[in-house]
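Could you build all of it, start to finish, from the sequences and the hints given here?
2 protein chains.
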Amino acid sequence: MAEAVIKSRVIGIDVSFETTTIAIVDIRGRVIDKTDFPTTDYPNINGFVNKLCETTIQLSENNGGYLSIRSVGMSVPSGNYLTGCIENSPNMPWKGVIPLAAMLRDRLGLAVAITNDSKAIAMGEFTFGSAHGMRDFAVITIGHGLGCGYYSHGKLCNGASGFCGELGHTCVIPNGRKCECGLEGCLETYVAEKGILRTAKEMMAESDEPSLMRDIDPTVITPKLIVGCCEKGDKMAIEVFKKTGTLLGVALANFASIVDPEAIIITGGIAKAGHWLFDPLWESFDSHIFHNIRGKVKLLESTLNGRERDVLGASVLAWNVKEYSLFK
Amino acid sequence: MAEAVIKSRVIGIDVSFETTTIAIVDIRGRVIDKTDFPTTDYPNINGFVNKLCETTIQLSENNGGYLSIRSVGMSVPSGNYLTGCIENSPNMPWKGVIPLAAMLRDRLGLAVAITNDSKAIAMGEFTFGSAHGMRDFAVITIGHGLGCGYYSHGKLCNGASGFCGELGHTCVIPNGRKCECGLEGCLETYVAEKGILRTAKEMMAESDEPSLMRDIDPTVITPKLIVGCCEKGDKMAIEVFKKTGTLLGVALANFASIVDPEAIIITGGIAKAGHWLFDPLWESFDSHIFHNIRGKVKLLESTLNGRERDVLGASVLAWNVKEYSLFK
Numbered sequence: 001m002a003e004a005v006i007k008s009r010v011i012g013i014d015v016s017f018e019t020t021t022i023a024i025v026d027i028r029g030r031v032i033d034k035t036d037f038p039t040t041d042y043p044n045i046n047g048f049v050n051k052l053c054e055t056t057i058q059l060s061e062n063n064g065g066y067l068s069i070r071s072v073g074m075s076v077p078s079g080n081y082l083t084g085c086i087e088n089s090p091n092m093p094w095k096g097v098i099p100l101a102a103m104l105r106d107r108l109g110l111a112v113a114i115t116n117d118s119k120a121i122a123m124g125e126f127t128f129g130s131a132h133g134m135r136d137f138a139v140i141t142i143g144h145g146l147g148c149g150y151y152s153h154g155k156l157c158n159g160a161s162g163f164c165g166e167l168g169h170t171c172v173i174p175n176g177r178k179c180e181c182g183l184e185g186c187l188e189t190y191v192a193e194k195g196i197l198r199t200a201k202e203m204m205a206e207s208d209e210p211s212l213m214r215d216i217d218p219t220v221i222t223p224k225l226i227v228g229c230c231e232k233g234d235k236m237a238i239e240v241f242k243k244t245g246t247l248l249g250v251a252l253a254n255f256a257s258i259v260d261p262e263a264i265i266i267t268g269g270i271a272k273a274g275h276w277l278f279d280p281l282w283e284s285f286d287s288h289i290f291h292n293i294r295g296k297v298k299l300l301e302s303t304l305n306g307r308e309r310d311v312l313g314a315s316v317l318a319w320n321v322k323e324y325s326l327f328k
Numbered sequence: 001m002a003e004a005v006i007k008s009r010v011i012g013i014d015v016s017f018e019t020t021t022i023a024i025v026d027i028r029g030r031v032i033d034k035t036d037f038p039t040t041d042y043p044n045i046n047g048f049v050n051k052l053c054e055t056t057i058q059l060s061e062n063n064g065g066y067l068s069i070r071s072v073g074m075s076v077p078s079g080n081y082l083t084g085c086i087e088n089s090p091n092m093p094w095k096g097v098i099p100l101a102a103m104l105r106d107r108l109g110l111a112v113a114i115t116n117d118s119k120a121i122a123m124g125e126f127t128f129g130s131a132h133g134m135r136d137f138a139v140i141t142i143g144h145g146l147g148c149g150y151y152s153h154g155k156l157c158n159g160a161s162g163f164c165g166e167l168g169h170t171c172v173i174p175n176g177r178k179c180e181c182g183l184e185g186c187l188e189t190y191v192a193e194k195g196i197l198r199t200a201k202e203m204m205a206e207s208d209e210p211s212l213m214r215d216i217d218p219t220v221i222t223p224k225l226i227v228g229c230c231e232k233g234d235k236m237a238i239e240v241f242k243k244t245g246t247l248l249g250v251a252l253a254n255f256a257s258i259v260d261p262e263a264i265i266i267t268g269g270i271a272k273a274g275h276w277l278f279d280p281l282w283e284s285f286d287s288h289i290f291h292n293i294r295g296k297v298k299l300l301e302s303t304l305n306g307r308e309r310d311v312l313g314a315s316v317l318a319w320n321v322k323e324y325s326l327f328k
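In the order they appear, the protein sequences are chains A and B.
For the record, in the first sequence the residue sitting at position 299 is 299 according to the working numbering, with numbers rising by one throughout.
For the record, in the second sequence the residue sitting at position 231 is 231 according to the working numbering, with numbers rising by one throughout.
It should be emphasised that the hints constitute simulated quantities derived from the structure, not laboratory data.
Certain hints may be false.
All copies of an identical chain are treated as equivalent in the list; a pair is satisfied when it fits inside any one copy or across any two copies.
For lysine-lysine, the following DSS-like pairs were computed, each having C-alpha atoms within a straight-line distance of at most 27 Å [to be verified]:
no. : residue 1 : residue 2
1   : K201      : K298
2   : K95       : K296
3   : K51       : K235
4   : K272      : K232
5   : K296      : K155
6   : K243      : K232
7   : K242      : K155
8   : K235      : K322
9   : K34       : K243
10  : K194      : K243
11  : K7        : K51
12  : K242      : K178
13  : K232      : K51
14  : K178      : K243
15  : K322      : K155
16  : K298      : K155
17  : K296      : K178
18  : K224      : K322
19  : K155      : K178
20  : K296      : K7
Laid out in C-alpha cells, this is it:
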C-alpha cells in the first residue's frame, strides 16, 4: 500500500530558449523556492535532462525533500501534452521527437506532464491571472516566436493531436517571408522578435529617410531599442510598430472570428512595446472583426509577471496530472 | 405535477435562404415525417413565425399529436444558441436581433433551441454521420455563404458570445472583395457561390481566351454550370475551381493550425464540384499546414445527405434542450 502523506506541493518547470526555471509551488500558487540554469549550455538532450533532474532533486532536498512533492508540470517549446514529447521544435537545439515526460518520470519517480509555453501560461492565467472566471479565452505570447493557448468550455484545448493554437504558423502573406518551420508568410515571421527586426531593416533599406534606428549597430538591434527610438519621436520606428500592430490586428481578428473568445491576453517580450504596438493593433483588430462580436472581445495584458508567470502555469499543469504510483 | 408521458420524438427545423423544412425525428435519427415551405414567401418575421407554427402544429397533429413531442431544435442562418436570437443576418430578409426561440416557445408551448446551420450540421455529423466517435472535428458548409461549426473535447463550441466559427468572415485578401457583412476580403467572397461566379466573370473579363463559360447567359450562370464546362475540358473553368480550391486550402490549413481537428468535413452545394475543387484544395491544404499536423487532418465528405442532414442536426439540438415545463 502507498503511504498516506499529504502531497501539498508540485514542481513547475519552464524551459525557454535561453533559461530553464524550476520552482516548488503550492496549491495557492505561492512559489516556495526556485532556481534556474541556462538552457543554451545543454545542446544535447541527455545532458539537459541530467542537469534538469539534478537541479530538481537538489531544489526538493533544500525544501524538505521529496515527500511533499506530488508531481511535475513542465512548459517547453513544441511540448505536446497528449504524447509527453517535444516534437520537431523549430526553435530549440534538440531535434526530432523527444519523450521528455517519460525521461523525467523515470529519473524522478514522479508523475510528469508537459505542454508548450503558451498553453501553460493560459493555465496560469485561468487559475491565478487575468482569465480567472472565464470559460472561453486565449493567451497570445509574442517573443522569440508567436504562440497561442486557448480555453473552450472552461477547458484548455489541445486539439486532436496536441497542436492546436499554432497561430504563429498561419499564413498571413501568401508567398511571404520564409519561416524556420518551412512554410512561407507565417504570422511570426512578421510580428515576433526577428520579424520586427526584419521589418525595421527592410524599411531602412527601402528609403533614405533619416531615422534614429540607423545609429544602432544592426547586429545588436532589438525591439526594445526600437521602442527607445519611438519614445524619441522617430517616425520610422513608430511606423515599424504600426505595420506590426496592423498585421497582428488582422490575424487576431481572424482568430477571434473563429474562436470567439471573451478575452485575448497578450503577453511576452514584445508586449512590452506598449501603446506603440497596441494602438495600431487595437484599431486594426476592431476594423477587421466580424460585426456580431465587435466590441465584445477584450484585449488584456497579463497580471502575472515574467518568470513567475511561466512556472505558475507549469505548476497548474502538475496538479492536473494523475499522481504517480508504482502500483498501477 | 406534470403527467408521465414518454416523449420519444422531437421537431427538427432547418431554415435556409430558400426553404424551411420541418421534420418529426425520433431519438435514432429516423425522420418520421417532414414538410417544407418557401422561406422567401415570408419577408416579414411575424408572417414567417405564423407560418412556421401553423405548419409545425399541423405536422404534429398528422403524426399522433403533441403528446409525444419533447422539444424543438432549429437551425437558422446567424442563429445564436446562447441568446436564442437570429442576430444581424447579412443573408436573410429579417434584420436586427430577433428572439426567435422565445417567439416559438411562447406559441408552441415546447422548449425551443436554435443555432446556426453549420453548428447544427456539426451536431448531426457527430451523432449520426462522418464525425461519429470524434472529439475534435469541424464541419465547413459552402453554399450561399461559408459556415463552420466545430467540436472540442467532444462538445460543440459556441464561443463566448455564440459566434465562434465565422471562418467565412476571416480576411484572406487584405483590402479584397467587399463582403455583405461590411468587411473586405472575407473568405466567403471568394469561395462561396457568389464568389466563385465573380471569379469566373473576372477571369472572362481579364482575357480573350476562349471558354465555354462565355456561352452561358451571365444572369443564369451557376457553379454547377461551371462544373459542366470543366467536365468538357474547358481550361478557364478548371482554372476557376483551381483558384477557389487553392485559396480555400490556405484558409483551411490556417484554421487547422489553430484548431487542430481530427477531420474537416466539407459539405454544402459547392462541395458537389467534386475533384475540380478538392484536388487543388487538398494540394494547397497540405502545403500550407503546420508540419506537426501535416498528414494527420482528414478532409472528409458528409455521409448524410441534403435536406435530411439539415433537419437531423436540428433534431440533435432539440434533445439537448431541457424539457419545457409550466412549473419552473
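Hint by hint, here is what the structure shows:
Proximity of K201 and K298 under a CA criterion of 27 Å is satisfied in neither setting, with 32 Å inside one chain copy and 41 Å between copies. In this assembly of identical chains, K95 and K296 lie within 27 Å of each other by CA distance solely across copies; the values are 20 Å between and 41 Å within a copy. In this assembly of identical chains, the alpha carbons of K51 and K235 never lie at most 27 Å apart, being 47 Å within a copy and 62 Å across copies at closest. When the C-alpha separation of K272 and K232 is checked against a cutoff of 27 Å, the pair qualifies only within one copy, where the shortest distance is 17 Å, while the shortest distance between copies is 59 Å.
Proximity of K296 to K155 under the C-alpha cut-off of 27 Å is found in both arrangements, the shortest distances being 21 Å within a copy and 23 Å between copies. In the homo-oligomer, the alpha carbons of K243 and K232 lie at most 27 Å apart inside one protomer (18 Å), although the nearest pairing across protomers, at 47 Å, exceeds that limit. In the homo-oligomer, the alpha carbons of K242 and K155 never lie at most 27 Å apart, since the shortest distance is 34 Å inside one protomer and 39 Å across protomers. Taking identical chains as interchangeable, the C-alpha atoms of K235 and K322 are never at most 27 Å apart, the minima being 54 Å within one chain and 59 Å between chains.
In this assembly of identical chains, the alpha carbons of K34 and K243 never lie at most 27 Å apart, being 39 Å within a copy and 55 Å across copies at closest. For the identical chains of this complex, K194 and K243 are intra-copy neighbours only, at 14 Å inside a copy versus 32 Å across copies, given an alpha-carbon limit of 27 Å. For the homomeric pair K7 and K51, the shortest alpha-carbon distance inside one copy (25 Å) is at most 27 Å, but the shortest distance between copies (64 Å) is not. Proximity of K242 to K178 under the C-alpha cut-off of 27 Å is found in both arrangements, the shortest distances being 22 Å within a copy and 24 Å between copies.
Proximity of K232 to K51 under the C-alpha cut-off of 27 Å is found in neither arrangement, the shortest distances being 44 Å within a copy and 67 Å between copies. In this assembly of identical chains, the alpha carbons of K178 and K243 lie at most 27 Å apart whether taken from the same copy (18 Å) or from different copies (23 Å). In this assembly of identical chains, K322 and K155 lie within 27 Å of each other by CA distance both inside one copy and across copies; the values are 17 Å within and 23 Å between. For the homomeric pair K298 and K155, the shortest alpha-carbon distances inside one copy (19 Å) and between copies (24 Å) are both at most 27 Å.
For a Cα distance limit of 27 Å, the shortest separation of K296 from K178 across copies, 23 Å, qualifies, whereas the shortest one inside one copy, 34 Å, does not. Proximity of K224 and K322 under a CA criterion of 27 Å is satisfied in neither setting, with 42 Å inside one chain copy and 55 Å between copies. In the homo-oligomer, the alpha carbons of K155 and K178 never lie at most 27 Å apart, since the shortest distance is 34 Å inside one protomer and 36 Å across protomers. Proximity of K296 to K7 under the C-alpha cut-off of 27 Å is found in neither arrangement, the shortest distances being 41 Å within a copy and 39 Å between copies.
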